[in-house]
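Visitor: Letter by letter, the chains look like this.
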Amino acid sequence: MTLWLYVLQRGSALVLAPLVVAHLVLIVIASRDGLSAAEILSRTQGSIGWAAFYGTFVIAAAVHAPIGLRNVIREATPWRGRGLDLAMALLGLAMLALGARAVIAVVGAVVAS
Amino acid sequence: MARSGQPEFAVSIWRGGPGGGNFVRYRVPRRADQTVLDVVTWVQRHLEPSLAYRFACRVGMCGSCAMTVNGRPRWTCRSHVGKVAPEGRLEIAPLPNLPVIRDLATDMTGFFDKWQAAGGRFAPTATRRDPPARIAPASPARKAADAGIECINCGVCYGACGVVGARPDYLGPAALNRAWTLVNDARHGEVPGVLRAISRDDGCHGCHSQGSCTAHCPVGLDPSAAIAGLKRRTLLDLLGGEGRP
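Note that the protein sequences, when read in sequence, are chains S and R.
Each residue of the first sequence is one higher than the last, beginning at 1248 in this note's numbering.
Each residue of the second sequence is one higher than the last, beginning at 2 in this note's numbering.
Be aware that one or more of the hints could be misleading.
Per label pair, the in silico range of CB-to-CB distance [stated by the list, open to error]:
#	chain 1	residue 1	chain 2	residue 2	range
1	R	Arg59	S	Ala1264	48 to 56 Å
2	S	Met1248	R	Val25	43 to 51 Å
3	S	Thr1303	R	Pro138	43 to 51 Å
Simulated coverage check for chain R against chain S, where a stretch passes if three residues somewhere in it have a Cβ under 8 Å from a Cβ of chain S [said to hold, decoys possible]:
#	segment
4	158-171
5	192-206
6	224-236
Bear in mind the hints are in silico, worked out from the structure with no lab data behind them.
Being a predicted model, the structure only gives us computed values, none of them experimental.
Beta carbons are placed, not taken as given, at the ideal position from N, Cα and C, and that holds for glycine.
Input sequences plus hints: build the corresponding full structure.
Guide: Pasting the structure below:
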């Protein structure tokens, strides 16, 4: 299991690195160009490309962060064992759920209001 | 300056046991080409007969005399006072990351147990009646094994390792270096067992690759590269490939 966690953490880091750079560049472009929320949403909603980009981002982050945090906690505190593993698994699921909610909000089709 | 006219300097030596201790200052004669081990021995022979420390060969072969010298783990028999304490300040303590027995002597049982836990016992694939194995010295695997086999088991890398300091269950650089030499030894019959042993929770994947072991190894080995090799090998094995040395 340790080896699998190692592989998943390194693999997710490989995926995350370019996505984080692209995400930061996007933030700068969007804020410098003074795009409004409505203008951003008009570009993202219904877009399969943005759904794939941020969907991958959320999955990679939800895999990467709990494994890394588990390593940090195990080194910095006496906490280990099943309780820690369960807590980190729940953290991963929570990140996945919150991230999925955000992705759906940004790329989901416009609901008639 | 001592009464005899011989130059002297002050040394602080940690005295105590498992329950704690403190540094005690001694004045010792300053001699040319004096090693840290010479200083400790002089203090024991002339000032403090009860001072506990460990040494054997005095020439950098046995790995018995490692201590913390001015905050850094070192082999004391080959550490010259003039080089490790050029300003004349010398502070000697037991090796870190190991339980203290008394004064400068540490209990190295856990350190050696981890060599076994890492699958460090050689498992022969031939008997004495078989002809000697023919190993090409220039083969990549043999070169990788050769690079790590001169370890003298001194525990300096173990004392210098930050991961061992944070997680005492971590196998540590010396045991993992030994595992890497066995993984690359064509005569070893238990390579899968070694890979299983070093892939457990306390194994090579806990290494942060900070390289403190390599920076401190007195015989110039590179346990950090050995651990990186083990990580690479376990990863390639998992993905179904054959790990390169």
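Visitor: Give a verdict on every hint.
Guide: Structure-based check of each hint:
1. R:Arg59 with S:Ala1264: 48 to 56 Å: Between arginine 59 of chain R and alanine 1264 of chain S, where Cβ atoms are some 51 Å apart, the hint holds.
2. S:Met1248 with R:Val25: 43 to 51 Å: Given a distance of about 48 Å, which is inside 43 to 51 Å, the answer is holds.
3. S:Thr1303 with R:Pro138: 43 to 51 Å: holds, 48 Å
4. 158-171: Holds: 3 residues of the segment 158-171 of chain R have a Cβ under 8 Å from chain S.
5. 192-206: holds (count 5)
6. 224-236: holds (count 3)
The structure meets every hint from the earlier list without exception.
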